[in-house]
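Participant: One letter stands for each residue in the lines below.
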Amino acid sequence: MDSLMEAEEKLRGFRETIGSQKLYACFECGHCSACCPVKRIRQEYSPRKIIHMVLLDMLDELISSNIVWYCTNCYLCQELCPQGIRIADLILELKNLSFKRGLSPDGIRRQFELLKTQGRIYLLDEFDQKKRKKAGLPQLGGSIDDLRVLLEG
Amino acid sequence: MADEIRIGVFICDCGSNIRGVIDVPELVEFSKTLPYVVVSDEGKWTCSVDYLSRMKDLIKEHSLNRVVVAACTPRTHEPLFKRTVKEAGLNPYLLEFVSIREQASWVHMKQKEEATKKAKDLIKMAVSKAALLEEGEEIRLPVGKESVVIGGGISGIYSALSLANQGFQVTLIEREKELGGILKRLKSVKVDSKELDPKEVLQAKLNEIESNSNIKVLTGYEIKEVDGYIGNFRVKVENGSGSEEIKASTIVVATGMTERKPQRGQFLYGEDRKVLTQLELEQALKENSDGFLNDVKRVVIINCINSRNEEYGCCNMGCQISLKNAAMLKEMIPDSEIFVLYRDLTLPGSEGKIIYRLREKGIKFIRFPDDRYPIVRNDNGTLKIEVFDRIISEALNIDADLLVLTCGFKGADGIDELKGMLKVSSNSEGFLQEAHVKLGPVDFPSDGIYLCGCSRSPKGIKESVDEAMAAAMRASIPMNQGYIEAEGIIAKIDLERCNSCGLCWKRCPFSAIKVDEEKRPHVIEALCKGCGLCAADCPKRCITIVHFREDQIIAQIEAALEEEPQKKIIGFVCHWCALGGVDMAGVSRLQYPPNARLIRVMCSARVSISMIEKAFELGAAGVLVAGCEFPTCHYISGNYAAEKRVNRAKKILKKKGYDPERLWLLWCSAADGPKFADTMQRMVKELGLN
Amino acid sequence: MRYALFLGCTTPARSRQYEMSSRAVLERLGVEVVDLSEFSCCGYPIKASDYYKALLISARNLAICKSKGLSTILTICSSCNSMLRECAYLISKDSELKEKIDKDLKKVGLSVEDDIEIKHIAKLLYEDVGLEEIGSKIERPLKGLKIANHYGCHYLMPKEIYEGEEDILNPYSLDRITEITGAQIVHYGYEKSCCGGPLLVSDEDTALEIARQKLDRVKEAGADAINLVCPFCSLMYDGNQKGIERRFETKYRIPVLYITQLLGLSMGIDSKSLGLNLNVVKARDLIDKIS
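Residue numbers (the numbering used here), protein chains in the order written: chain A, 1275 to 1427; chain S, 917 to 1606; chain V, 168 to 458.
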């Protein structure tokens, strides 16, 4: 998972079907950074910077800086990129990489664990179920065991 | 001319363009009252076939020996009327053409009376000059079929072959031991995104040269002296053992360019073996002495070295060269890391796609700020390069095994001496200057010498070859024709009054005046362009210009200022740019006050201090001298001379009690109608004439 | 036609009023829904951790749907919608992926299904039910009510999985539904902005600042309420509105309505059934604004 080639391979694996646009097509126009809702608040965050660092083989620095976790996955950069580069998908890939290296924010890891154990982010307790009944809503199921199997590993 | 002077005045209506504003019948009557005028006629469209025929009849009928045409601008139809007059049996230099359309009816549309008054003055001026006109003749110079090509690079080679294939005898002179120029030193070359082997390209051409009996190749020869003019050049060359003199009718200059290497120490250039320029890299790769690329795992290329700053502009070729070499290096060392540090990457045409291919191959591009170049250090034998990455907004550090610097270019070594010999000019970087970027891109201002290729500006093979063919084509025109015709407007020196001060010889921009052992000057008519600089500067007033003699111009001034001089401005406008601006103002119908009376000269340098003085003496409100914008004077440096002279004139005027602020200078391009009109407005206002 | 109602995680826990109002409106319009207790989280929260696993549990939901004899999933949440659709889209286009998922699903006794349609309730209203039908059910036009529509990101993008249903730069579905209710649409200039929700887990400050920018614009434009289609977004605008007010020392007091709450009001459904009292920012006074 270290070289640009492997990251590209992984990207290709998931998205070749939609039509992959190579990263090196980026000519640094800055459109992505211009429309990014996060960049408006946090100047240091920039989709263009992320692409550039990947092209320069600076994956390690990128992952260890945790900058990729600023992305809200809103897809605007990807939709507006004049070269059709799948920027949001790339950043998602980098987030996956970060997770694998144990560098993701605690909240993210917690959510993964929650899904593994109970199949939902929020498990409704008795109190919640009573409120549902009062409102005329059907009772909800409990935890889903299947996910424990599926999310293993 | 001892004969009686008989002048015919032909006034044009130009439809309603002139007639709609000016009372032409009144002009006709007025002209008849002028001295020497025997016939005055009005024509609806004087340039029409019908009228020209009538004109010829009238000339013959009244035995006219001078003709004045008052119509549009001489810049359009003077040649037509000259031809007509010639057909009627008169010498074409006996025609005087004044513009009462661009200078009167079109620009004073609401002031019909004033416009008519001005037209009358203009005709009066023309008639007084016409009375003094003399016959002139075109000079015909023979041109042979031999050419010399200076420089044996790809441009020189193509030029020589093109000329030789047309049947001309060509001597190709190269100062290195072998032909080929820069092409010899390249490892690879690209034309239209295709990679070619420079050796193959060169060899193919060399074979052609070898088998062409019209080309004589002189390698290892330096140019020592160049003399003469078109049809009669003498080029002296020397090699180690002897010298030769080559006679030629035309010369093509293809001296190429050299790299503008960085200073010693800049980016460690000259101090570290691992730092090279692009050309040095190509040469090293070509020779590949003892595995030049062994142990090279990281290469850094820095572009725009000493370029695109206050001193030097963009070198035009750097981006293409650096990317071509980056690709080449990546191919030779596949597992290397190649960095290209750049400010901008401009790749024309299909070259643009190459960036994607290079990135695909893994070449890394880092853009640094214009004002923050990378810093290169040598740390214990390792080349360390620190570059500020604009996208990451951080300084990155790269260790390199090889650093390649992409520098700009300058003219070939020794270009200063050569340009002195050829009497041509160059810019500050040593690139030779063509006559006109659009109207004479491969010509020099002097007839018979042409330039092409990198001697003119940095370019690739394709453009160099294009220009080489163009220069050969230009050279072939006079050689095919067998002669060139030079205009009869030339300088003539009266040796009796001359005191051999040598000023004319020193100042002529075309080196058209030679002096003998006693320093007596002699005009080389073939080279003289008739700018009038010498005539205006001559302290003894012994030089005259055909068709623009001092007495003719004085006569025009006197005629203009005969009545109400205090309301009038005498304007000297040069034929090429200033009159163009006047005409443009007319075409655009820009309205301005009618106070000026314009006198046409070929070059603003023609205007002497005595002419200016005369105008003030006779009571003119102001004087305007108008010429071409810098640096585009048609006569190379005429406007510079005019400026200097006007400044001197101001001092003299002051001493004589005239107000120097009433003498104005205007540089006006041929497209700048507004500038001329605006100057008229301002002048009238500031001189208090409104 | 019966729809498998997919509630997702957030709605039942944090915004059950969206479920209430959705059921009420759907009943009024005669749309039948089925509740499947086996539905798990759609997978969106773990997309960032492990994309494949997210697709996997998404695919499980699709398989569950099919196993109950249903072929259309109706979602309340935009994120759920995009996750499930992405999964369906990819499985249908990438046979390798489909195989891999099938193999893994077999571990829990299911097979991969790609022939499932996923619809967001807002799209159901706009496309399947249709504006005319909805219009005929309007009993109390919301005249005088100024609404700022928030489409959010996952309702429209990525455009490939939505196959060009709606122009991402000039969307209209929510606007049309809003118009039908009689309310007036207010344009505030920041329509395309993301709510910042996904950042809550990693950087709350930044997330709140992003949401704040939109609230500022909406307030400036003078809207009476925000209308949205995703409980995730409402976490920011509704749930965290007071927090943003405190953090940045401003006041908004802008109620946030889910599309079915807005529609329900115009259809004459009572506020209790629509769960208006459960909205964090008081929404009961909105009725007074309607002339």
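Worth double-checking, as some hints may not be accurate.
As the list claims (entries may be wrong) - Listed below are the simulated DSS-like cross-link pairs for lysine-lysine, each with C-alpha atoms no more than 27 Å apart in a straight line:
1. Lys-1277/S x Lys-1296/A
2. Lys-1422/S x Lys-1335/S
3. Lys-1405/A x Lys-270/V
4. Lys-313/V x Lys-265/V
5. Lys-1296/A x Lys-1190/S
6. Lys-1313/A x Lys-449/V
7. Lys-1296/A x Lys-265/V
8. Lys-1374/A x Lys-439/V
9. Lys-310/V x Lys-265/V
10. Lys-1390/A x Lys-233/V
11. Lys-235/V x Lys-1390/A
12. Lys-449/V x Lys-1374/A
13. Lys-456/V x Lys-1390/A
14. Lys-1296/A x Lys-274/V
15. Lys-1591/S x Lys-1560/S
16. Lys-267/V x Lys-1408/A
17. Lys-1430/S x Lys-1339/S
18. Lys-1374/A x Lys-233/V
19. Lys-1407/A x Lys-456/V
20. Lys-235/V x Lys-1374/A
21. Lys-265/V x Lys-1374/A
22. Lys-1296/A x Lys-1132/S
23. Lys-1269/S x Lys-1296/A
24. Lys-1456/S x Lys-1430/S
25. Lys-1296/A x Lys-233/V
26. Lys-265/V x Lys-1405/A
27. Lys-449/V x Lys-1390/A
28. Lys-1163/S x Lys-1190/S
29. Lys-1296/A x Lys-1339/S
30. Lys-1407/A x Lys-439/V
31. Lys-1335/S x Lys-1280/S
32. Lys-418/V x Lys-1407/A
33. Lys-386/V x Lys-304/V
34. Lys-1190/S x Lys-1061/S
35. Lys-972/S x Lys-1106/S
36. Lys-1280/S x Lys-1313/A
37. Lys-1313/A x Lys-409/V
38. Lys-1132/S x Lys-1335/S
39. Lys-235/V x Lys-1313/A
40. Lys-449/V x Lys-1404/A
Think of the hints as simulated: they come from the structure by calculation, not from any bench.
Participant: Look at each hint and say if it fits the structure.
Facilitator: Hint check:
no. : hint                    : in the structure
1   : Lys-1277/S x Lys-1296/A : holds (12 Å)
2   : Lys-1422/S x Lys-1335/S : holds (17 Å)
3   : Lys-1405/A x Lys-270/V  : violated (40 Å)
4   : Lys-313/V x Lys-265/V   : violated (46 Å)
5   : Lys-1296/A x Lys-1190/S : violated (34 Å)
6   : Lys-1313/A x Lys-449/V  : violated (32 Å)
7   : Lys-1296/A x Lys-265/V  : holds (24 Å)
8   : Lys-1374/A x Lys-439/V  : violated (47 Å)
9   : Lys-310/V x Lys-265/V   : violated (50 Å)
10  : Lys-1390/A x Lys-233/V  : holds (23 Å)
11  : Lys-235/V x Lys-1390/A  : holds (24 Å)
12  : Lys-449/V x Lys-1374/A  : violated (43 Å)
13  : Lys-456/V x Lys-1390/A  : violated (46 Å)
14  : Lys-1296/A x Lys-274/V  : violated (36 Å)
15  : Lys-1591/S x Lys-1560/S : holds (22 Å)
16  : Lys-267/V x Lys-1408/A  : violated (43 Å)
17  : Lys-1430/S x Lys-1339/S : holds (14 Å)
18  : Lys-1374/A x Lys-233/V  : violated (33 Å)
19  : Lys-1407/A x Lys-456/V  : violated (32 Å)
20  : Lys-235/V x Lys-1374/A  : violated (35 Å)
21  : Lys-265/V x Lys-1374/A  : holds (23 Å)
22  : Lys-1296/A x Lys-1132/S : violated (55 Å)
23  : Lys-1269/S x Lys-1296/A : holds (14 Å)
24  : Lys-1456/S x Lys-1430/S : holds (18 Å)
25  : Lys-1296/A x Lys-233/V  : violated (37 Å)
26  : Lys-265/V x Lys-1405/A  : violated (40 Å)
27  : Lys-449/V x Lys-1390/A  : violated (36 Å)
28  : Lys-1163/S x Lys-1190/S : violated (48 Å)
29  : Lys-1296/A x Lys-1339/S : violated (56 Å)
30  : Lys-1407/A x Lys-439/V  : holds (14 Å)
31  : Lys-1335/S x Lys-1280/S : violated (43 Å)
32  : Lys-418/V x Lys-1407/A  : violated (35 Å)
33  : Lys-386/V x Lys-304/V   : violated (31 Å)
34  : Lys-1190/S x Lys-1061/S : violated (51 Å)
35  : Lys-972/S x Lys-1106/S  : violated (62 Å)
36  : Lys-1280/S x Lys-1313/A : holds (25 Å)
37  : Lys-1313/A x Lys-409/V  : holds (24 Å)
38  : Lys-1132/S x Lys-1335/S : holds (23 Å)
39  : Lys-235/V x Lys-1313/A  : violated (45 Å)
40  : Lys-449/V x Lys-1404/A  : holds (23 Å)
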